[in-house]
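Asks: Residue numbers (our numbering), protein chains in the order written: chain A, 42 to 221; chain B, 42 to 221; chain C, 42 to 221; chain D, 42 to 221.
Treat the hints loosely; a few may be bogus.
To be verified - Simulated pairs of lysine to aspartate or glutamate, EDC-like, Cα-Cα distance not exceeding 20 Å:
(1) D:K61 with C:E47
(2) C:K59 with C:D214
(3) A:K181 with B:D214
As the list claims (entries may be wrong) - Over 10 Å on every C-beta distance to chain D, these chain A residues come out as not near it, computed from the model:
(4) E178
(5) E179
(6) K181
(7) L205
(8) A212
(9) W221
Stated by the list, open to error - Quick list of the computed label-pair ranges, beta carbon to beta carbon:
(10) C:H74 with D:E44: 23 to 29 Å
(11) B:D163 with A:A212: 36 to 42 Å
(12) D:P154 with B:N135: 42 to 48 Å
Source of the hints: derived by calculation from the structure; they are not laboratory data. Where a beta carbon is used, it is the ideal one built from N, C-alpha and C, also for glycine.
There are 4 protein chains.
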Amino acid sequence: MVEVLEQIEEEIHHVLCKVKAEDMERFAGELHHGKRIFVDGEGRSGFSAKGFTMRLMHLRYTVYFVGETITPAMEAGDVFIAVSGSGKSQNVVNDAEKAKQKGLRVLAVTRKPDSPLAKLADVILEIPGTVKGDAGEERKSIQLLSSLFDQSLHIVLDAVCLELSQRDHVANDQATATHW
Amino acid sequence: MVEVLEQIEEEIHHVLCKVKAEDMERFAGELHHGKRIFVDGEGRSGFSAKGFTMRLMHLRYTVYFVGETITPAMEAGDVFIAVSGSGKSQNVVNDAEKAKQKGLRVLAVTRKPDSPLAKLADVILEIPGTVKGDAGEERKSIQLLSSLFDQSLHIVLDAVCLELSQRDHVANDQATATHW
Amino acid sequence: MVEVLEQIEEEIHHVLCKVKAEDMERFAGELHHGKRIFVDGEGRSGFSAKGFTMRLMHLRYTVYFVGETITPAMEAGDVFIAVSGSGKSQNVVNDAEKAKQKGLRVLAVTRKPDSPLAKLADVILEIPGTVKGDAGEERKSIQLLSSLFDQSLHIVLDAVCLELSQRDHVANDQATATHW
Amino acid sequence: MVEVLEQIEEEIHHVLCKVKAEDMERFAGELHHGKRIFVDGEGRSGFSAKGFTMRLMHLRYTVYFVGETITPAMEAGDVFIAVSGSGKSQNVVNDAEKAKQKGLRVLAVTRKPDSPLAKLADVILEIPGTVKGDAGEERKSIQLLSSLFDQSLHIVLDAVCLELSQRDHVANDQATATHW
Chain A
42 MVEVLEQIEE EIHHVLCKVK AEDMERFAGE LHHGKRIFVD GEGRSGFSAK
92 GFTMRLMHLR YTVYFVGETI TPAMEAGDVF IAVSGSGKSQ NVVNDAEKAK
142 QKGLRVLAVT RKPDSPLAKL ADVILEIPGT VKGDAGEERK SIQLLSSLFD
192 QSLHIVLDAV CLELSQRDHV ANDQATATHW
Chain B
42 MVEVLEQIEE EIHHVLCKVK AEDMERFAGE LHHGKRIFVD GEGRSGFSAK
92 GFTMRLMHLR YTVYFVGETI TPAMEAGDVF IAVSGSGKSQ NVVNDAEKAK
142 QKGLRVLAVT RKPDSPLAKL ADVILEIPGT VKGDAGEERK SIQLLSSLFD
192 QSLHIVLDAV CLELSQRDHV ANDQATATHW
Chain C
42 MVEVLEQIEE EIHHVLCKVK AEDMERFAGE LHHGKRIFVD GEGRSGFSAK
92 GFTMRLMHLR YTVYFVGETI TPAMEAGDVF IAVSGSGKSQ NVVNDAEKAK
142 QKGLRVLAVT RKPDSPLAKL ADVILEIPGT VKGDAGEERK SIQLLSSLFD
192 QSLHIVLDAV CLELSQRDHV ANDQATATHW
Chain D
42 MVEVLEQIEE EIHHVLCKVK AEDMERFAGE LHHGKRIFVD GEGRSGFSAK
92 GFTMRLMHLR YTVYFVGETI TPAMEAGDVF IAVSGSGKSQ NVVNDAEKAK
142 QKGLRVLAVT RKPDSPLAKL ADVILEIPGT VKGDAGEERK SIQLLSSLFD
192 QSLHIVLDAV CLELSQRDHV ANDQATATHW
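Isolated chain A (complex conformation):
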């Protein structure tokens, strides 16, 4: 195996080992077909958040990504998922506050359980991968910026989708039929 791939795999393994089953369960437990789900994120972790949003659509959830063309007004009773490694992305935190004020459940996916984002969340899904800004002791990765967080995030959110598909009895064929 290519050496750099091996190193990255090992780094991811160390992060995934620390993701808590109860975090994932509580997070998945908030997602239901009767709810409207808003997902928000920026930069590279935002792309993983978009991939998650797209998969939720394949699984026939009513889901929107903040900032896209057809995203409507949020309303009390909806669910807001905010993704930010640092938990400090200014616009994501603002949007989450707005969601909170409107009476949405706020779910934070973050590396930092004591961040501004995490503090206002009802549910936290912690992904302990090194993020941009981590330095010295905290930077436990040979990779750049938040790469390790982004990779771990991608896998954890895909795992959530897999569990949802099993819980909801949506087979691969059905999900494929919803694909553009």
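Assemble the complex: chain A is given as a structure, and chains B, C and D must be docked to it using the hints.
Replies: Below, chains B, C and D without anything else, positioned relative to chain A:
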């Protein structure tokens, strides 16, 4: 470790083991600061391609994502990177043909080395993860659609970035300084 | 009034004078709350198409923009709106063909009623503003590329929205309440 | 002419009459090929801002749209253009503040010269078209939300581009050659 994470990790491991060092080297060898790089992709693998594009920008490459606001006309001598698991995404294949006609080098990142996309490429980076449309024997994943391809793609492209940063002597601090 | 604004206004006036009432009525007549509407477009006219899509959402239509995260598979009975000044934008034409094959109604908004896009459309909304590629006699604008088409398109699609809001009895307050 | 188009045209005319030549000149005067330009906006006026950004690219300016994949870090000496009808779009105002702190020139394009956005701007381009939230006396439009602002914005920014192309001696053919 959460069982579903363990299963996904194992699936990814089996894919990464089959990625060829020479594919990665040849691919990275096409990317230089003097070149303009255009990246193209759709759907979930498109999001991984966008993450790759953003990281190349952090590493100070001149790079564009097809379909975004400031992407200019392609010209002979530029590099075109087309990402498509199936190698059949209609619009990506069209764009790659247009690139080919204009005299760009075409790099295909795909699961299918005999696909229409791969056939017109100068360089192929093969990522042998199950994609949407794979069925029966070919579907070597418990996951939905192309999830396994997308995850492997994410990691392989991040590995390319890591190698580029080492080759170009760009440290984490410098890349962070370019981050929005 | 600033002279350049006056000139642009006059150009737009000449285009709008030639837009046919029956084109607009037939176009609006295809849009109903029971239908799913897919909108497609590229470049600057694509931005006007996105503005139209957003407004349809405010008016509580079920509408998607092709290429965004939560756009699902098209199905027979849905409506496909393709915007292309030249009627030749490769990917828009491909998507429209795919829509046609799947049994959607195809509505073309274009400058060219004899273009590949217009030929496959069930309904054409012609907007006779100069587009990119028009030269000599055909280029009836001091403006760059397709600016005149884009401006006219913007106004015509907003006029359609205004008529829909009146037809459907959706007041400004209700539309505002749906705004993100 | 279709009646609704006539009404919209008249509304736009009343707005354009009030746009000040000196506002447009001062705004255009900030844009030079040696500068990096960042453009920011949300919703429908954001789409007009994207159209403007794309045209600046055609005119060979170094320009980025905030939130897109390859937008790098802002630096002192760059120019920040913030588009918001109300001058209160939370994330646009945040981004403009961040720009200000970093030492960029901030240009506000807005309906509200006394808004938070306008207050922090170095240059204001006022476009006095009715916006979302205007009610009673202030709502001088039969149209929905900020449609009138968006249309006027589109035309004013295109007029700026036309003037820049004349100032810089960029002909239509040259701009077309840069088009994707």
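Asks: So, for every hint listed, does it hold in this structure?
Replies: So, going through the hints one by one against the coordinates:
1. D:K61 with C:E47: Status holds; Cα separation ~13 Å.
2. C:K59 with C:D214: violated (32 Å)
3. A:K181 with B:D214: holds (15 Å)
4. E178: holds (26 Å)
5. E179: A:E179 is indeed farther than 10 Å from all Cβ atoms of chain D, at 22 Å.
6. K181: holds (25 Å)
7. L205: holds (28 Å)
8. A212: Non-interface label stands for A:A212: nearest chain D Cβ at 34 Å, farther than 10 Å.
9. W221: holds (20 Å)
10. C:H74 with D:E44: 23 to 29 Å: Holds, since C:H74 and D:E44 (Cβ atoms, about 25 Å apart) stay within the stated range.
11. B:D163 with A:A212: 36 to 42 Å: holds (39 Å)
12. D:P154 with B:N135: 42 to 48 Å: holds (47 Å)
Checked against the numbered hints listed earlier, the structure breaks hint 2 alone; every other hint is satisfied.
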